[in-house]
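K.L.:
For the record, the sequence lines run as chains A and B. Okay, so the first sequence: first residue is 1 according to the working numbering, each after it adds one. Okay, so the second sequence: first residue is 1 according to the working numbering, each after it adds one.
Some clues are possibly wrong.
[Unchecked claim] In the DSSO-like style, the derived pairs of lysine-lysine whose C-alpha atoms are separated by at most 27 Å in a straight line are:
no. : chain 1 : residue 1 : chain 2 : residue 2
1   : A       : Lys213    : B       : Lys172
2   : B       : Lys213    : A       : Lys213
3   : A       : Lys172    : A       : Lys186
[Stated by the list, open to error] Simulated restraints on C-beta separations:
no. : chain 1 : residue 1 : chain 2 : residue 2 : range
4   : A       : Asp130    : B       : Ile49     : 54 to 62 Å
5   : B       : Asp73     : A       : Glu48     : 50 to 58 Å
6   : B       : Gly204    : A       : Arg33     : 40 to 48 Å
7   : B       : Ala115    : A       : Arg249    : 51 to 59 Å
8   : B       : Ala102    : A       : Asn214    : 43 to 51 Å
9   : A       : Thr278    : B       : Ala102    : 52 to 60 Å
10  : A       : Ala187    : B       : Ala219    : 30 to 38 Å
11  : B       : Arg311    : A       : Gln254    : 21 to 29 Å
12  : B       : Asp50     : A       : Arg170    : 47 to 55 Å
13  : B       : Val328    : A       : Asp21     : 38 to 46 Å
14  : A       : Asn214    : B       : Arg26     : 26 to 34 Å
15  : A       : Asp73     : B       : Glu74     : 42 to 50 Å
16  : B       : Asp289    : A       : Ala187    : 26 to 34 Å
17  : A       : Glu48     : B       : Phe190    : 29 to 37 Å
[Said to hold, decoys possible] Here's a subset of chain A near chain B, in silico, CB distances under 8 Å, partners left out:
no. : residue
18  : Asn5
19  : Ala147
20  : Phe161
21  : Glu235
22  : Glu244
Hints were generated in silico from the structure; no laboratory data involved. For glycine and all other residues, C-beta sits at the position ideal for the given N, C-alpha and C.
There are 2 protein chains.
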Amino acid sequence: MQAPNYYAAPGFDRAALRRRDGEWLRNAAADPRSLFVPVWRSQNLVIEIDGAGPRATLLTGAAAAAIHESAVDERLSRGELVLLGLVEDRAHFALDVSALEAPLEMLRSPALEAAGIEAAPGGIDVRFADLRQLGGRLERHEGALLALARAMLFWHSRHRFCGVCGAPTRSKEAGYMRRCTDPACKAMHFPRTDPAVIMLVTDGDRALLGRNKNFPVAAMYSTLAGFVEPGEALEDAVAREVLEETAIRVAAVQYHSSQPWPFPANIMLGFYAEAATTAISLDDGELADARWFERDWLLSHEDDDTFRMPRRDSIARRLIEDWLHGRV
Amino acid sequence: MQAPNYYAAPGFDRAALRRRDGEWLRNAAADPRSLFVPVWRSQNLVIEIDGAGPRATLLTGAAAAAIHESAVDERLSRGELVLLGLVEDRAHFALDVSALEAPLEMLRSPALEAAGIEAAPGGIDVRFADLRQLGGRLERHEGALLALARAMLFWHSRHRFCGVCGAPTRSKEAGYMRRCTDPACKAMHFPRTDPAVIMLVTDGDRALLGRNKNFPVAAMYSTLAGFVEPGEALEDAVAREVLEETAIRVAAVQYHSSQPWPFPANIMLGFYAEAATTAISLDDGELADARWFERDWLLSHEDDDTFRMPRRDSIARRLIEDWLHGRV
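Sequences are here, hints too, so could you generate the full structure?
P.N.:
In structure tokens:
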């Protein structure tokens, strides 16, 4: 089997069968061995010690309770507490601290404690960070855990009201369902993940890379990508996106792998596609540039101000690297 | 390339670049050559003539206007009119007629007209039907068009209010976005498609099929399936679902193909998985039964009251048939 993509957590025990077990949940949330992943307005808590690279900060129940006064039941029913799963029999929860105006003041000490540091001698950076900005510098299992916590709490923040009738919703099943509180409606809403296709189009020893108008990193070229639409097979979404963005038609389309991408709520479905035509036209205005790049040029080029590869934690980079090194 | 799965529409022109072109949209909706796919409370309009099999009924603009008095702009902004795409330069729209109490009274004549039938000599059945019940008896391109219309209008019906703040939303971009009408919120909501994995687990010449407690068809055994969760790669969702439902662990997982499945809003992502263990335990209570079936037995068995295959329009059937006949 292939190595997992970053943000994936193969074998992680989501403990789905526990989600409807109210007593188990309350006990787990009160268990001093349980751990809590704090999320503040889609940012995750990380610690960096003497520039050694960021690590995830998980809080104990005591720390979580201290910063969050409401009872476990209330936090569960508001969706501020979401079961993530079990790691070696220790329950892990996502803890929404978005209501705090200055969460770091309350969390700096627990974060240092969790890292086993008593004093704070300087050289220590505790902060809430956008996981996207960390670019894969966390260990993969930590990145996956923070990504899951962020994704679940983002979903809750977007579904506080019922789309069918407008009434408030309430979290159920440890955070994996929200139900409308209007007795005449009672609509159920489930976590949302948006499938997107991402594809490296090739023509023999050339690969098609594009520069999106909205890429935050200057000179970054990447694979094409786009959301799967209702009523569309993945393979047809690949062909449509490539056609819309570059006017290129593809022939054979081959699945590679998938990657959770909680920015904010996607799963990236990676493909290779062989070009059937090669003339590029930037029709839909999404790309600032798109070009064919020779394999040898890509293999020898170092990132510079004229051309950068996509970030190392992305499936885009994986698709390119695997193709460059013949692992296709 | 593989033959497309039922409900997929390879090459269908969704005309995505026209969605923000208000003038083009109004003209297209008023064009007498345009066609409208009526949907009533998630049911599609079909006609059957002398038992020759159902066909989709598409209305002309005149018929659509007659049953729907509001102006084009209004219908577009309420999401009652959604651009589906172009078929040979003719715009196709989904038309929501759910507000009508007895839509057939108004649509029987236009339906006969669309089918080129002047009188109604009997033997003709015009009705709103659940696409799921038709089980692939429509031609594939018609099934795909009706599926898309149904999926888009279902999404609108579920997102009339903003999940972030509870205010009403309004349809934009020909039905491909809804925006919150509260000026302090203005949240954008996009069509939703829920990814689900569906997998045939094999152990040499045996395949694992299960009988879901909720299957409407007696004695139907099918592949296992389940929704992909936030933060989860497809391959990990396959392993988790098989483990949860049957306690079987899988080794290699191999992608097969995908299928739009608008019942109500899914895309099915088909896989083969090799069993690493073979003892079955129905842990999560979702299955009434699960068993290993020998290839030879499956090849020789006719559907009867003790065992039926999944419906022919499903990717489940496709996964089984391709494995049975060595097309893996």
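K.L.:
Please go over all the hints and tell whether each is borne out by the structure.
P.N.:
Here is how each hint holds up against the structure:
1. A:Lys213 to B:Lys172: holds, 23 Å
2. B:Lys213 to A:Lys213: Given pair B:Lys213, A:Lys213 is violated - Cα atoms ~50 Å apart, limit 27 Å.
3. A:Lys172 to A:Lys186: holds, 12 Å
4. A:Asp130 to B:Ile49: 54 to 62 Å: Between A:Asp130 and B:Ile49, where Cβ atoms are some 60 Å apart, the hint holds.
5. B:Asp73 to A:Glu48: 50 to 58 Å: Cβ of B:Asp73 to Cβ of A:Glu48: about 54 Å, so the range 50 to 58 Å holds.
6. B:Gly204 to A:Arg33: 40 to 48 Å: Check passed, 43 Å falls within 40 to 48 Å.
7. B:Ala115 to A:Arg249: 51 to 59 Å: About 35 Å separates the Cβ atoms of B:Ala115 and A:Arg249, which means 51 to 59 Å is violated.
8. B:Ala102 to A:Asn214: 43 to 51 Å: Holds - the Cβ-Cβ distance for B:Ala102 and A:Asn214, about 49 Å, lies within 43 to 51 Å.
9. A:Thr278 to B:Ala102: 52 to 60 Å: At roughly 55 Å between Cβ atoms, B:Ala102 and A:Thr278 fall inside 52 to 60 Å, so the hint holds.
10. A:Ala187 to B:Ala219: 30 to 38 Å: holds, 33 Å
11. B:Arg311 to A:Gln254: 21 to 29 Å: Since B:Arg311 and A:Gln254 have Cβ atoms about 28 Å apart, the given range 21 to 29 Å holds.
12. B:Asp50 to A:Arg170: 47 to 55 Å: Between B:Asp50 and A:Arg170, where Cβ atoms are some 53 Å apart, the hint holds.
13. B:Val328 to A:Asp21: 38 to 46 Å: With a Cβ separation near 39 Å, B:Val328 and A:Asp21 satisfy 38 to 46 Å, so the hint holds.
14. A:Asn214 to B:Arg26: 26 to 34 Å: Holds, since A:Asn214 and B:Arg26 (Cβ atoms, about 29 Å apart) stay within the stated range.
15. A:Asp73 to B:Glu74: 42 to 50 Å: Holds - the Cβ-Cβ distance for A:Asp73 and B:Glu74, about 46 Å, lies within 42 to 50 Å.
16. B:Asp289 to A:Ala187: 26 to 34 Å: holds, 32 Å
17. A:Glu48 to B:Phe190: 29 to 37 Å: With Cβ atoms ~35 Å apart, the hint holds.
18. Asn5: holds, 6 Å
19. Ala147: holds, 5 Å
20. Phe161: This interface hint holds because 4 Å falls under the 8 Å limit.
21. Glu235: Where the cut-off is 8 Å and the nearest Cβ of chain B is about 7 Å from A:Glu235, the hint holds.
22. Glu244: Holds - the Cβ of A:Glu244 comes within 8 Å of chain B, reaching about 6 Å at its closest.
In summary, the numbered hints that this structure violates are 2 and 7.
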